[in-house]
Amino acid sequence: MRKHSVKSAAIVVGVLLVAGACGTNKTETGASGGACDTSKGTLSIGVIAPQSGGLSALGLGIKNSSQLAVDEANEKCTVKGYKLVVDTQDDEANPAKGAQAATKLSSDPNVVGVVGTLNSSVAQTVQPILSQKKIVQVSPANTNPTLTRGEAFATAPKRAFDTYFRVCATDELQGPYAANYLVTKAGKKKIAIITDGKTYGEGLAAEFSKQATKNGATIVATEKVGEKDTDFAGVIATIKAASPDALYYGGEYPQAAPLSKQMKSSGLNIPLMGGDGIYDDKYISLGGGDGDLATSVGAPTDKLDSAKAFVDAYAKKGFKDAYGAYGAFSYDAANAIIGSLATALNGGDWSESKRADLLKAVGTYSGSGATGSIKFDEYGDSTNKVLTVYQVTGGKWNAAETGEFTG
Amino acid sequence: MSTLLQQLANGVVQGALIALIALGYTMVYGIIQLINFAHGEVFMVGAYGGLATYTWIVPESVKDVWYVSLPIVLVGGVAVSVAIALLMERFAYRPLRNAPRLAPLITALGVSVFLQEFVRNFYPNATAALPFPGVFVQGQLVIGPIRVGWSGILLIGVSVLLSIALQTYINRSRMGRAMRATAQDPDTAKLMGVNPDRVIVLTFVLGAALAGVAGVLFGTYLNNINTDMGFQTGIFAFTAAVLGGVGSIRGAVVGAFIIGLVKTLAGQYMPGGTQYDYVWIFVVLILVLVFRPQGLFGEPERVRA
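So the protein sequences, as listed, match chains H and Y. 404 is the number that full-length UniProt numbering gives to position 404 of the first sequence; each next residue is one higher, with no gaps. 189 is the number that full-length UniProt numbering gives to position 189 of the second sequence; each next residue is one higher, with no gaps.
Quick caveat, the hints were computed from the structure, so don't treat them as lab data. Don't be surprised by glycine CBs; every beta carbon is placed ideally from N, CA and C. Be a bit skeptical, because a hint or two may be false.
Interface residues of chain H toward chain Y, partial, derived using beta-carbon atoms under 7 Å [to be verified]:
| id | residue |
| --- | --- |
| 1 | ALA57 |
| 2 | GLU223 |
| 3 | THR230 |
| 4 | ALA233 |
| 5 | VAL235 |
| 6 | ALA237 |
| 7 | ALA241 |
| 8 | SER266 |
| 9 | LEU286 |
Here are the simulated DSBU-like cross-link-like pairs (lysine-lysine), alpha carbons at most 30 Å apart as the crow flies [unchecked claim]:
| id | chain 1 | residue 1 | chain 2 | residue 2 |
| --- | --- | --- | --- | --- |
| 10 | H | LYS185 | H | LYS385 |
| 11 | Y | LYS63 | H | LYS396 |
| 12 | H | LYS264 | Y | LYS63 |
| 13 | H | LYS133 | H | LYS354 |
| 14 | H | LYS354 | H | LYS158 |
| 15 | H | LYS320 | Y | LYS63 |
| 16 | H | LYS185 | H | LYS396 |
| 17 | H | LYS316 | H | LYS76 |
| 18 | H | LYS303 | H | LYS185 |
Listed next, the stretches of chain Y that the computed footprint assigns to chain H, with coverage defined by at least 3 CB atoms under 8 Å from CB atoms of chain H [stated by the list, open to error]:
| id | segment |
| --- | --- |
| 19 | 5-13 |
| 20 | 126-137 |
| 21 | 258-271 |
Starting from the given sequences, assemble the full structure and let the hints guide the process.
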């Protein structure tokens, strides 16, 4: 009897081992999977991004792409002696939830760095919390310029947090780049602006407005909508009275898409243009129509040679959700942290005191990623300033122009 | 001038939607003095019920024939709303019937959060907004400078018709009389042979049916639904009920149209534009409550359904 129970216990343990191995094998594709020395334990890469709510389409892409980078690092034994895992925290695109997520991650001594956030407004509450614990944060998606260079980013830039980096271009480039396209290239001279009042939308629209005016366009109306609004008939009638020939929207697709649809069905047939916040397939399925425009950071992922490997690897993993607008950036952000971690540890042991070394390593990191060369300037901004204008044609986003903002 | 007329039209459409939901708030309050904060979620659930019906029940061949698919979708939405309201009444509110009034109020908030999260987690892809089919005549009604979508016209028509029908039902029918009796004095009504449980269940059912209709028509009008929509619209509906005098059917409808109009007109003409339109709604509410604390149609001519 006793022997029997030992035997069944052994079977249970065996089954658990197999199940556990399957669990990890699922995320490892290479033949060398599991062959690395992981005797020193497990380190986490935190991810803070919306996993639920209106913006989850973007946030899930961020999570999966970070996961992909971590899996590849585990296969290649990039960080000697350690196994890496992703610790994802949902911020629901909400600054208060973001602060909770950051506090949770920063209480874990094994969290080496954080990929995130998606929203600039969430970054504002996350930055100081991670900074206190010297945890490096690399954002794939925050485009508000104040996050790196402070309030007076244009006149007297000053590094806001030495723990904060980002791999995407910022709104003081994105807004004007959009203005150049819309005013100079598409010839729109009477532009209405609507924003959602959040950090990202306001900043983007302000930068757009400056450059559009400089290019000779008139801003005929400026309005705001609420983050939870669904019926935009009122605001549409207001801007319609000013008879604009284009609408610039500072905000994200959950509001932009119905706004575009309602605007067109109310007889105001003008293109809506927005930033990277509306550049997602969800924008089209929720009502964004042909002719609408968006700028986004970087070159189109599916056209870049450097991104090919990423796109293929992502497809091979069979994630349920698309990599989205920030997938390639998240992959690069995670790789910047992992690569710098390998440099900082140099085969040594991790402890919280190594965080300062890791920060230094990220600051001098230089690699070639899916979105091009990954390097940071003295403020933590990416040196890659490429932007792309996309247009909806035939019910799909298509790249219209790629370049750098040159004034 | 044309902008003013357009904004008035927009305001009436918004008011019609709010009215359908406000009726549920006011009826339940009239009967059991409960502000059912989960009522906005009943509206949201109705929209998802309608979408589910359209996706899985309406046969592919008639999906584009609105006069076939719209009634089916409406029935589906109303059925889901009513089912949820019945469960809510039976398991959340009835056990607290004799508890202090704060207990069911807090429970209502809990039910509201529960329903939102439940739909978000278990309806396929409901973590983000979902497109809703336009199951009605597409296009716009154009009268001079005014353009209103046909689905907006439908919303106004249905809202007015159902409000009148409800008012008539409560004033004329036997069950309506039982409802008014229970509202006035539940104990005496019981002595007269009125079954209070039946009256309360009926009240929840009527309110939920209206909210279910509102949910489906909202989706048809805006072609987009999300799990937050009940909260936002519910706040307006609750405000409309208070403005009109909680417990009064006529008050809820009038309050709803006032709120719809104030929102669009303030967005157009008041300083701050659309950024401050909510502010003006609540300014109006405060002004009304200062001079008429019982609301526009509250006591003494209270209908108290």
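Against the earlier hints, flag every one the structure doesn't satisfy and list their numbers going up.
none
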